[in-house]
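Enquirer: As a plain string of letters, each chain reads:
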Amino acid sequence: MTHSKMIKIACVVIFIIAGIIWGINFYSINKRLPNAKIFEYSKNNPAVADGLEITPLEKTIYSVDEYKKEFPEDNSYSYLTDEKKEHYLIIVFKVKFKNTTQEVLKFEADSFIIEAFPSAYHNGVLVIEGRAKRTIEPGEEQEVLLESNINDIGLIKTKDLHKIRSNKFCLVFSYYPEKKMLLFD
Amino acid sequence: MKAMLKIEMDRAFKNRSFYLSLSIGLSIVMAHIVMAVLVKSDNPLKFFGNGLTYPYSVFNSWIGGDSTNPYLAAYTTIFPILATLPFGISYLNDLKKGYIKNIYTRTNRINYCVSKYVATFVMAGIAVVIPMIINLLITSAILPSLLPVTNGIFSIGGGNLWSGMFYMHPYIYVLMYLLVYFIYGGVFASLALVGAFFVDNIFLLTLFPFITYYGLGLVAPYVYKYALIRSINPALILTISQPSGITLFTVIAEALIIGVPCFIIFIWRGVKNDTL
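Here the protein sequences come in this chain order: A and B. Be aware that the first sequence starts at 1, since it is given in this note's numbering, and climbs by one per residue. Be aware that the second sequence starts at 1, since it is given in this note's numbering, and climbs by one per residue.
Simulated from the structure, these hints should not be mistaken for laboratory data. Be aware that a few hints might be false.
Claimed, not checked - Computed footprint of chain A on chain B, listed as stretches where at least three residues anywhere in the stretch have a Cβ under 8 Å from a Cβ of chain A:
#, stretch
1, 144-150
2, 163-169
Said to hold, decoys possible - Here are the in silico distance ranges between beta carbons for each label pair:
#, chain 1, residue 1, chain 2, residue 2, range
3, B, A227, A, L126, 46 to 56 Å
4, B, P70, A, R165, 40 to 50 Å
5, B, I133, A, D50, 36 to 46 Å
Where is the CB? At the ideal position from N, CA and C, for every residue including glycine.
Could you build all of it, start to finish, from the sequences and the hints given here?
Expert: Here it is, written out as C-alpha cells:
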C-alpha cells in the first residue's frame, strides 16, 4: 500500500467517524429539545391560560386614514405625512378575555406577538383603549382591541404590503415548549 | 477542455495557498465556536423562562445567525482575501514562471483560460464556504435546530430577503445564503485574474479584489436610498443575519456586473495576450 493511499484511507476513516459523532450529537440534542408543538386556537376553540379564557374574535386591516376615522381618539399615527401613509397599514385585533376561575386575575392584554405568513411579518401589539395591565373579576368578560402597524420600511417587503390581507394572521402568546397562538381567519 | 480543467483543478487542490486560506477561515469559525457557541451549549435553556422567551437555537447561534458576534465581521472583512488566496493569483504566477508557455504549446489558449477561470471560481467558492459549513455542522451538533421564532431573538425581519424561507425552512435559507457566498467568492477571485493584466505585483494583485470589495462598501451609502438597490456593500450582503436592507436584485446584479465582465475580459485578453 502506497503512502498516499494510506493517507486517503485515513482521511476517509476520520471523515466517517466525524460523521457518526455528528449524527449522534445532532440526534440527541434535537431529541432532548425538539421543535415546539403547535396549538392553534380559534373563535370556536378558545385558549385557556392560567384560568383565563382567550378568544380571538376578529381582525381588520385599515389604511392610516381609515384607522383615524375609526379610532379618532388614538393619535398614534398622526405624525405620518401623506407620502409615508402610503407605506403603512394598521391591523386591529379584537380579543376576548374571560376569567373562568373563582379568583380575581391579573393579566397583560398586550402580551402577544403578531405573526403573518407567508410574508413573515411580525410585530408587537398595543392596546388601543385603556391600560395593558388589567384585572378581571371571576366570570367577567373583557373585550380588548389591539393594534399594530404594518409598513414596508423594514417590517415587510414592498411587494408583500398590499398582498398582506391574504396572509394567515395569528397572535402568539407562548413559543416553547408549546407554540400557542390565536388564529384569525 | 476537460483534461485542462482537470489539470487546473488538480493544481488548485495541491496549492498551499488554498490550505492557507482554509486555515485562516477555519481559525475564525473555530474561535467563534469556542467563544460564542460552547458557552451556550452548557445550558441551551439558560435565558428561557416561558411565554414569549425561547431557548438557544442553531439559527441564532452559528456564525451566520449571530448578528452581534465579531467573528462574522472578521470573516466578511477578509472575505475577498480568503477567496483570492486559493487560486486567484495563479494566472500571474503562470505568466511569471513561464508555465503558460508550456501550456500554450500543447493546448488551445481558450481551453486554458476557461479552465483557469472555472478552477479559480470554484476554489474560491469552496474556500469561503467550507469554514461556514463546518461552523454550522458543529453548532448543529451541540445546540438544538429549533425553528426560528418572531420574538426578536432572530434578527431576520419580515422585510429581509428570503425571510419567509428563514422562518419556515431555515436550513434551506442557510443553503441559499451559502450559495451566495460561493458565487461572491468566485466573483471576487475572478477580479484577481483580470487584475493580472494590469498589476505585476503578487501582493498588490492579492489586495485588488479586497480594494474593490472595500470600495463598494464606501460607495454603498450613496445608493442605499433607492428601494430597488439598497445596500451594495458586499460585506453587508454577506452578513447572513441581514442587519442592513438588501435586495435580491442587488445580490444578483452585483455578482453579474463584476463576474461577467471579468470573465469576458479574462478570456479575451488571455487569448490575445502575447506570452510566447
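Enquirer: Do the beta carbons of A227 of chain B and L126 of chain A sit within 46 to 56 Å of each other?
Expert: violated (28 Å)
Enquirer: Can the stretch 163-169 of chain B be counted as covered by chain A under the rule of three residues or more with Cβ-Cβ separation shorter than 8 Å?
Expert: holds (count 5)
Enquirer: Cut-off 8 Å, C-beta pairs, minimum 3 residues; does the coverage of the stretch 144-150 of chain B by chain A stand?
Expert: holds (count 6)
Enquirer: Could you see if the CB distance from P70 of chain B to R165 of chain A stays within 40 to 50 Å?
Expert: Check passed, 42 Å falls within 40 to 50 Å.
Enquirer: A range of 36 to 46 Å was offered for this pair. Does it hold for the Cβ distance of I133 of chain B and D50 of chain A?
Expert: holds (44 Å)
In this structure, the one hint that does not hold is number 3.
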